[in-house]
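*Asks:* Between the sequences and the hints, there should be enough to build the whole structure, so can you do that?
Residue numbers (the numbering used here), protein chains in the order written: chain V, 1224 to 1338; chain G, 3 to 119.
No wet-lab data here; the hints were simulated from the structure. Glycine is no exception: its CB is placed at the ideal position from the N, C-alpha and C atoms. Warning: the hint list may mix true and false statements.
[Said to hold, decoys possible] Taking beta-carbon pairs under 7 angstroms as the criterion, some of the chain V residues facing chain G (in silico): (1) GLY1265; (2) LEU1266; (3) LEU1268; (4) ILE1277; (5) GLY1281; (6) GLU1326; (7) PHE1329; (8) PRO1331; (9) GLY1332.
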Amino acid sequence: NAGVTQTPKFQVLKTGQSMTLQCAQDMNHEYMSWYRQDPGMGLRLIHYSVGAGITDQGEVPNGYNVSRSTTEDFPLRLLSAAPSQTSVYFCASSYDVASLSYEQYFGPGTRLTVT
Amino acid sequence: AQKVTQAQTEISVVEKEDVTLDCVYETRDTTYYLFWYKQPPSGELVFLIRRNSFDEQNEISGRYSWNFQKSTSSFNFTITASQVVDSAVYFCALSESSAGSARQLTFGSGTQLTVLP
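*Replies:* Structure, rendered in C-alpha cells:
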C-alpha cells in the first residue's frame, strides 16, 4: 500500500493564481481531511469528508474548495491564492468515520509559497 | 468546543535526560480520544499513541510513557533516557465522539524538543 500520497511536494504561486493540491489514499478509508500547518499554530483543519459526495468545513475553510467524487481522492482547490495561504498542507485519512477513534494517516505534505 | 494546549513551545535537554511534554485539553464530551504525534525534521507526521476517555491506565512503550489524568484534563508524554533521534515537534490532539460533534481532530500548537548530544 502506498498509504496517503500528495502532489506536488513543493509549489510556488503568484497572488491570484489558482491551483489544486492532489491527495489520494489506497486504504479504502471513508474519512479524509486537509490541514494546514503554520509555525506556532499546530495543524488546523480546512475541510473534511466522511465519504464520497460528502464534505464539510473545518476550522479555516475560507479560500479553499474541496470535492470527493471517489473514496480514494480528495483534492483541495485554492481559488485565488493569497500570501496568507503560504503554509504546509497535509492530507490525512482515517478508518473510523463515526468517532475518529482511530489514528489518522498523514501524507508527506505540500509546501506552498504564495508570492 | 474542544481545545488542546501545549504550553511548552520549546524544550531542550541533554541526551539521556528524561523529559516530559505537557498536554492539557478541554472538552464537554464524556467520550473522546487523545493522540500524540511526532513530526521529525523530515516533516512527516508519525502516530505514537491513542487513548480513549474511559481508559485512564498509563501506558509504557519502550522509552515512551503516557500519563492520562481525567481529573486534571491532562495527557502528558514522558521520554526516558532521551536520544538525539527524539528531536522533533510533538503534537497532542483530541477528537470528540458524541453524536453531533464535529468529526475533526484538534491539535495543540506543538512542542519542539531538542536533544543535545
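*Asks:* If a hint holds in the structure, say so; if it does not, say that too.
*Replies:* Each hint, compared with the structure:
1. GLY1265: holds (4 angstroms)
2. LEU1266: holds (4 angstroms)
3. LEU1268: holds (5 angstroms)
4. ILE1277: ILE1277(V) check fails; min Cβ-Cβ to chain G is 10 angstroms, beyond 7 angstroms.
5. GLY1281: holds (6 angstroms)
6. GLU1326: For GLU1326(V), the interface hint holds, since the closest Cβ of chain G sits about 4 angstroms away, which is under 7 angstroms.
7. PHE1329: holds (4 angstroms)
8. PRO1331: holds (6 angstroms)
9. GLY1332: This interface hint holds because 6 angstroms falls under the 7 angstroms limit.
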